[in-house]
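Those sequence lines, one after another, are chains A and B.
Sequence positions in the first sequence follow this note's numbering and run 203 to 459.
Sequence positions in the second sequence follow this note's numbering and run 53 to 481.
Hints were generated in silico from the structure; no laboratory data involved.
All C-beta atoms in this analysis are idealised placements derived from N, C-alpha and C, irrespective of residue type, glycine included.
Errors might be hidden in some of the hints.
Simulated crosslink set (DMTMM-like; lysine to aspartate or glutamate; CA at most 20 Å straight-line) [said to hold, decoys possible]: (1) A:Lys452 x A:Asp442; (2) B:Lys265 x A:Asp438; (3) A:Lys396 x A:Glu437; (4) A:Lys455 x A:Glu441; (5) A:Lys455 x A:Asp443; (6) A:Lys345 x B:Asp74; (7) A:Lys265 x A:Asp219; (8) A:Lys334 x A:Asp324; (9) A:Lys396 x A:Asp411; (10) A:Lys372 x A:Asp285; (11) A:Lys396 x A:Asp206; (12) A:Lys372 x A:Asp231; (13) B:Lys347 x A:Asp324; (14) A:Lys265 x B:Glu365; (15) A:Lys372 x A:Asp279; (16) A:Lys426 x A:Asp411; (17) B:Lys347 x A:Asp302; (18) A:Lys426 x A:Asp442; (19) A:Lys265 x A:Glu216; (20) A:Lys426 x A:Glu397; (21) A:Lys455 x A:Asp438; (22) A:Lys372 x A:Asp208; (23) A:Lys265 x A:Asp285; (24) A:Lys265 x A:Asp279; (25) A:Lys372 x A:Glu387; (26) B:Lys265 x A:Glu331; (27) A:Lys334 x B:Asp269; (28) A:Lys345 x B:Asp472; (29) B:Lys347 x A:Glu331; (30) A:Lys265 x B:Asp362.
These stretches of chain B come out as covered by chain A in the derived footprint (C-beta under 8 Å, 3 or more residues) [said to hold, decoys possible]: (31) 259-268; (32) 364-370.
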Amino acid sequence: MAEDIDRSGTPLVEMRDISIAFGGVQAVDRVSIDVFPGEVVGLLGHNGAGKSTLIKILAGAYKADSGEILINGQKVDIRSPADARTHHIETIYQTLALADNLDASANLFLGREIVGAFGLVDDSAMEAETRKIMARLNPNFRKFSVPVSALSGGQRQSVAIARAVYFNAKIVIMDEPTAALGVHETEMVADLIKELKSQGLGIFLISHDTREMMDLCDRVSVMKNGALVGTERVEDVTEDDILSMIILGKNPKREAA
Amino acid sequence: MTDTTGPHPGRSRSLFAQLELDLRLLGMIGAFAVICVLFNILTGGNFLTPRNLFNLTIQTVSVAIMATGMVFVIVTRHIDLAVGSLLATCSAVMAMTQTAWAVDLLGLPLGSPALAWIAILAGLLTGAVIGGFQGWLVGYLSIPAFIVTLGGLLVWRNVAWYLTNGQTIGPLNETFQLFGGINGTLGATWSWIFGILASVAAVLALFASRRAKLRHDFPVKPMWAEGAVAAIFVIAIMGFIAILNAYTIPARVLARQFEARGLAVPEGFTASYGLPISVLLLIAVAVVMTVIARKTRFGRYVFATGGNPDAAELSGINTRLLTVKVFALMGVLVGIAGLVASSRLTFHSNDIGTLDELRVIAAAVIGGTALAGGIGTIYGAILGALIMQSLQSGMAMVGVDAPLQNIVVGSVLVAAVLIDIIYRRRVGG
Ligand SMILES: Nc1ncnc2c1ncn2[C@@H]1O[C@H](COP(=O)(O)OP(=O)(O)O)[C@@H](O)[C@H]1O
Ligand SMILES: [Mg+2]
């Protein structure tokens, strides 16, 4: 997977020295990660390592206590999910952040509805756009006029991904996008990730499946207890190396060197 | 990934499916019809008379108006127990404004139509501000709506008491009284004209939505089905107008009206009340609230927040501000309901709106609003209010005593929710 990512220029996103605490818990402790265009960077670590919290800071859901975020080398201030969206950051959450009672197109356009005359939402136009993008991403998708609660996990995830693609995301954050999916659907999401990557997007991917991560990612960053253990290019490490980084909090190869 | 349960356009669909009628709506209309027929038999044909149906509609208006707002409140997973008390405060403000405050302040003569409008404005503003304040306590200070509005239930009832010093205020301004029901009606001709305009609007709306679907090549109903639905709408609207117009003004009332102008009633002269202005108000509220629910961003966010508050927030929706807006809107509707309720009585009294919170919540819930949030319709809530009122009126007519009436209404509420739960489980929605 890790072909020729050009990492000589400025990264698409750089999170520097990010820290955040909840009460007494230091959820993220001076962590720095970055991603280049067309690159998939994996975040690995045990439950509670701080992965979700770290990317939620980039997504605008939390505000870091300290540290800075740079996009294309420019320092940015992300205070809300809406701010993140204006920087073309789209997030696909572990918990499938869709409103179950609304249909696919209402979810796809949630917060960014197409409005027509008198500022009224134009459902037909939104459904037409949804049909177009789903025809590209998931041609078998038919359930346009039912609440998404009637959809399978994979279908729901394809709606979430369609949202990122439709709004021209430059940076996509995926927090365990396949955790709730079956084998077949996981493959579909993996294909979508490759598709986004080939279009030059930068992707942060969180998953517990180390094998899947070795396959999809260009680099992996491992976290433990809120701190960054290290970031490695996947061609430089084995699955075992990564596992020991996750479990022991250190890379045996680097220790040996 | 394949879909096995998607719609299959090629296959023949049932008659119902082709008409795309809403089963829940049919169920409620069915329940209403059963109640009507039952009471008509029990009262020996007195229930389904133009006079009783006229009274039933004007008795339903106030609760129905509030129920449309309660839909939004419950859809966003909140509750408003203060509506009955807030109605009293709004009514007190309107009564005091038109009989004292605005009279003293602006020097307007008592009975001037301007007083009515100033009073109405003051009442709606009061509702909006108090509603918004309660919404702020819920949204920004994170106090559960149940507690905020339980407090409000006590507070606003007694604020109303202080505003009027516990006195009954009346008679209210004549212009103001036009919104109460029988004191303000359109008469036969204008009622027919309204019916025709409403029918045209309904048919145009149906076909506009069909055109929008065709423009994007979406599947549409066959033309005959579209025509059938349009026909049902027109028949329902014109039938409703015909019933209201069939209720003629009693001879003695006519005699009094002519006498007031120094005239005698001509031989064989009759006149109809026609559509009450209060019902017109309810129809306007229903249309506006339906448009808000289905066609505005605000409405979309109300439902999204009810379905998944986290998803709504992550989509950039300010759910706190949304809560303030929902409660403020509820407050405005309470103000309108206060206008209708007090002008129907022709005076403001301390106990106005007592127990309305329960009627309003029951109407919304019987109308299919899910307390878990995310689901509810405006027409459902209005039908719910109508069903509740027809039960209550019917029992009163049959001579069921008040305690038993309340027992029945309470049981019906619980049974309605049970049926709704079973129905949702069946259709999986
Ligand atoms: N909103 C919150 N309030 C309090 N503690 C939190 C919150 N979010 C996360 N945490 C804590 O921060 C730590 C990191 O959690 P998280 O980022 O979800 O880990 P991961 O995604 O790696 O499993 C955990 O100890 C968790 O309990
Ligand atoms: Mg997590």
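Each hint, compared with the structure:
no., hint, result
1, A:Lys452 x A:Asp442, "holds, 12 Å"
2, B:Lys265 x A:Asp438, "violated, 55 Å"
3, A:Lys396 x A:Glu437, "holds, 17 Å"
4, A:Lys455 x A:Glu441, "holds, 12 Å"
5, A:Lys455 x A:Asp443, "holds, 7 Å"
6, A:Lys345 x B:Asp74, "holds, 19 Å"
7, A:Lys265 x A:Asp219, "holds, 13 Å"
8, A:Lys334 x A:Asp324, "holds, 16 Å"
9, A:Lys396 x A:Asp411, "holds, 17 Å"
10, A:Lys372 x A:Asp285, "holds, 14 Å"
11, A:Lys396 x A:Asp206, "holds, 15 Å"
12, A:Lys372 x A:Asp231, "violated, 26 Å"
13, B:Lys347 x A:Asp324, "holds, 8 Å"
14, A:Lys265 x B:Glu365, "holds, 15 Å"
15, A:Lys372 x A:Asp279, "holds, 17 Å"
16, A:Lys426 x A:Asp411, "holds, 16 Å"
17, B:Lys347 x A:Asp302, "holds, 19 Å"
18, A:Lys426 x A:Asp442, "holds, 16 Å"
19, A:Lys265 x A:Glu216, "holds, 16 Å"
20, A:Lys426 x A:Glu397, "violated, 30 Å"
21, A:Lys455 x A:Asp438, "holds, 10 Å"
22, A:Lys372 x A:Asp208, "holds, 16 Å"
23, A:Lys265 x A:Asp285, "holds, 12 Å"
24, A:Lys265 x A:Asp279, "holds, 9 Å"
25, A:Lys372 x A:Glu387, "violated, 24 Å"
26, B:Lys265 x A:Glu331, "holds, 13 Å"
27, A:Lys334 x B:Asp269, "holds, 12 Å"
28, A:Lys345 x B:Asp472, "violated, 24 Å"
29, B:Lys347 x A:Glu331, "holds, 17 Å"
30, A:Lys265 x B:Asp362, "holds, 16 Å"
31, 259-268, "holds (count 4)"
32, 364-370, "holds (count 6)"
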